[in-house]
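Visitor: Now for the letters of each chain:
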Amino acid sequence: MQDLNQNMDELLRKAAEHYPLKINKSEWETIAPSVAGTADKPASRKKNVFIKKIISLFIFFIALLLADSFINRSLKKSELRHSFAEKKSSVPSSNQNDVSKRSRIKKEQDQPALQVPFSETRIKNDDIADKKNLLLNKKDESIIGTDYQQTKNSFYQSAKAENIFNTHNSISFTGNKELIEHLLLSVNKNLPVLKQQPPVETALKPGKIFQQKGFYAGVVTGPLFDEVKNQGLKKTGFSAGLVAGYRFNDHWSFESGLLFAKKPYFSTGKYFSMDKVGGSMPQGMEILSLEGKNVMLEIPVKLKYEFLQQSNHHLFTTAGLSSFINTNEKNNYLTAMNGVQQTMISSYKNRSRSAAATLDFSAGYEFKIGKSDHIRIEPYIQVPLKGMGVGSMPMKSSGIRLGLIKFFN
Amino acid sequence: MANDHKHQRMLYEQYRGYALRIVFRYIYRYEKAVDVVNDGFVKLFAGISKFRMDNDDDIEKIWMGWMKRIMINVAIDELRKGNMSPEIGGIPEWVWEIPDNSQDAGQLLLYKDLIILIKELPPAYRAVFNLYVIDGYSHSEIADIMNIAVGTSKSNLSKARLLLQKSIKKMEEGKLCRI
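Residue numbers (the numbering used here), protein chains in the order written: chain C, 1 to 409; chain B, 1001 to 1179.
Isolated chain B, as found in the complex (with noise of 0.2 Å):
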């Protein structure tokens, strides 16, 4: 399967969409996350031997956590190689799709606030809580991934969660006054 270049591109067309999803929670620029999602891919795929497949039922899900494993490290990797610096400058609307009648366009437009919420969040404090609350990460695991103590992935969480309901509350607030 590791030279199969067919199966390869297969993988990379159908999930692509899945790990930009994951990997631009944790990097704000959108090209820099696109290029973090192939780097991501190159990895995998130089690894796939290592992927396992013990149950035909599940390895789908299976199969979709290690490439979700994979989309982080490499995610965290470039944060760190930033040294998790602040970036500046807005996301650019071109990166949202715009939703279609069919959907419900204003949840849809709900989550992407939420998620520029998320993205504003300074670097640190964005992982941990990517890590943490999103993926489902223990704070040991982090400490390990971010080579951080636990106390400060713990203080980075509960500061990301305060700022987070700050800008919650003053994103309601915008909405209310437009109202």
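Excised from the complex, chain C in its bound form (with noise of 0.2 Å):
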């Protein structure tokens, strides 16, 4: 016996010294690096190391755009308040005179009662606000119409959302909003060319370009990361197809799909159900890993919320349930019968379905390039709610999507 085993070592030793192995091309580019010490990492952690960098870089893309975002906001408020104060100062031309004539008679009339105490104030105005709603009522109304509501509305919800009140000159903001209404309702109240101007809102809000309510449709595609239970990854797959939806409003919409997406994925053979296979297998024999691929088709319902919504970009939540139809699915096997391993390949092209088959979340950014086109970004994660394929596999899946989105007004 020690002999059979001294024959079998020395005749593998020379097959292990002269076996006819192809050497490949070169790969002193790729180690060059490394070597240098430009990269003191090995060659097999360049792979992580190029995800952990996309990574970081969709994050400080993501800082950017909240950057971007929160100073847009300061500028447009900015804006609004120097907006404000002009649309004050700025009455009609064609009465301009008349109504500094007015102005000015009014100040001179208001003028003692903004120098006593606040409450006796507020007590002279809110007479003088009766008055003037009384005589609105009854006369005015006819002339100022809905316009007049529209624009003491408008104006109040601007200031109120601006805080402008506490930031211009102290006679015309005392805090005193009926008396703010009557210095604004006497200067409007006989200008029949404040109803032909856009209401105070829409001159201030600027135009969200977003806010499109009606359908839309694509095409996306992009590489996608499967795992079944936390395995690790190996291979990369893809998912492309058609995506289309309708928005409800300027942040809700409701989006469906139908994408065609390989999966490839390994496992150990405890999480792979033999129900479904077991009659075409012998008996006895044990699964102790596979690996495989999957071909699909994708049908994905979910709804999407939009924030941070700018004139030409928005950010972008979606959750939603997928389904799956199979239309192909090849494993390798390596199994085990009486103790002897043997590797096996199957190929299956039954179109089992898995409805909700997994709970889908993304998160993304979209960005106007024309009209009514938009460029989608969407990293997204499945997480399984049942099991997938002949194996009945928890997949866990990810990836980053990316998309032409057209809007149909």
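No lab work stands behind these hints: they were computed from the structure.
Honestly, I wouldn't trust all of these hints.
With a straight-line Cα cutoff of 25 Å, these simulated PhoX-like cross-link-like pairs (lysine-lysine) come out [stated by the list, open to error]: (1) C:Lys25 <-> B:Lys1170; (2) B:Lys1032 <-> C:Lys330; (3) B:Lys1006 <-> C:Lys270; (4) B:Lys1006 <-> C:Lys14; (5) B:Lys1032 <-> C:Lys293; (6) B:Lys1170 <-> C:Lys14; (7) C:Lys235 <-> B:Lys1032; (8) B:Lys1061 <-> C:Lys22; (9) C:Lys14 <-> B:Lys1068; (10) B:Lys1081 <-> C:Lys229; (11) C:Lys14 <-> B:Lys1159; (12) C:Lys396 <-> B:Lys1081; (13) C:Lys22 <-> B:Lys1068; (14) C:Lys25 <-> B:Lys1119; (15) C:Lys22 <-> B:Lys1043; (16) B:Lys1032 <-> C:Lys229; (17) B:Lys1032 <-> C:Lys234; (18) C:Lys14 <-> B:Lys1169; (19) C:Lys22 <-> B:Lys1032; (20) B:Lys1006 <-> C:Lys25; (21) B:Lys1081 <-> C:Lys14; (22) C:Lys25 <-> B:Lys1032; (23) B:Lys1043 <-> C:Lys293.
Label-pair restraints from in silico Cβ distances [as the list claims (entries may be wrong)]: (24) B:Arg1069 <-> C:Ser273: 42 to 48 Å; (25) C:Thr30 <-> B:Ala1149: 37 to 43 Å; (26) B:Pro1092 <-> C:Lys371: 49 to 55 Å; (27) B:Ala1046 <-> C:Met8: 49 to 55 Å.
Only a predicted model underlies this, so the values are computations on that prediction, with no experimental measurement involved.
In this text, a Cβ means the ideal position worked out from N, Cα and C, and glycines have one as well.
Fit the two chains together into the complex; they arrive one by one in their own frames, and the hints show the way.
Guide: In structure tokens:
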């Protein structure tokens, strides 16, 4: 027996020395930077470093967007104040003289009231406002009409939103809303041109291009990574297809689609259910591990919420469910039977369905590239709710989809 | 020498075939073996100052022994990273060099088949078999390298031998059947 072992060892040593292995072309360029010390990490870790860089870049990108959004908001606030101040001072030119005259008279009338203590001012002004409202109701409503109400409401909304009352001169902004109303009314009362002006709210808020209701559709594609029960990733898959949706309002949309997905995976045998394939395998055969790929049709159904909307870009988040139809599945098994291990390849072309098999979450970014076209960048994760494929394996997917979306008005 | 890229490249070009032959016995997948060889060379060049040339006559032997040790350590690390889990799928034909007529083609094909048999051993058995039989490590060294007990090393070796004997027998029977 020992001789047999020695002979075998000798033979195998010779084999190890002389076996005909193909040596591919040099990969010096790949390792040169690592050797030079520019990247101290071994070559195989480069893939991880690349993924980390992509994630860092994405986080940086999101931070940049948030900063951009914050700056834009600040700018809009200052514009809003400026625009309000302009609006207040620029009364329609056709009646400029009249207005200034009236204002002067009014100021002269009101001046003493403003100098008395607040409570007294309030009482007096309440009286004035009541009288004015009475007059309005009886006489001027027909002249001023609903535009007046709109203007008044818009004025208060804008002013309240921007806290303008605290920032302007003390005469106009004593905190006494009725007094301001009174002043505004006295200025605007007989100025029909005000009716033709756009409401203050519209003029002050920037137009949001994304505020469109209606259908949209587009194409998406991107890499995906599948893993069975946190066992890690080996290969990258991809998905591509069509998406379509309906936007209910400026925040919410419903979206669905049809995607072709190629999902590679590997797993130890313990997560592979033999229920569907047990009949086609010899009795007593055990699957130790498997590596395979699944070609599937994916039908996602999800709700989309948009936020941090700007004129030409916004962020969004989605949540929903995905169903899958298997079209082709190929598995390489490492099996064991009676202590002997062997590999086995199986291909399945059944059209098994897995309805609502994953719970999907994503967050992404969309920006305009044309009148109605948008580019979408959407990282996502799919959490398994049930098993997929012949082995009913719980497959967690993640990836990023890039898309071109067209809105139909 | 550590910073001499030209010489480093020459050494890499010269010995990467030798290194790949060692690593490919331990690592099942060819692509992964190539990565491991590259990692091994990075480590080798990083620690080249530790290499001692005591006797100029045997410098190549010492160099190759040192390189072999590094490559084996990197390969074992790689196996350990994958928890010694078995790989699946066959070895593609393109990884083998087709022997030309001038060589003993039959002998080389036999060597190829034997290496495949070693590669098809479960990783833990394969590593111990390679270390002990082919690369000449002792069981205590193997126990240190692989962080296992000496007894486990011995047991793995005997199981590996048994599996190989069975496989060789099977392979010979298959050849006889074909004849």
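Visitor: Among all the numbered hints in the text so far, which are the ones the structure does not match?
Guide: Those not satisfied are hints 1, 3, 4, 21, 23 and 27.
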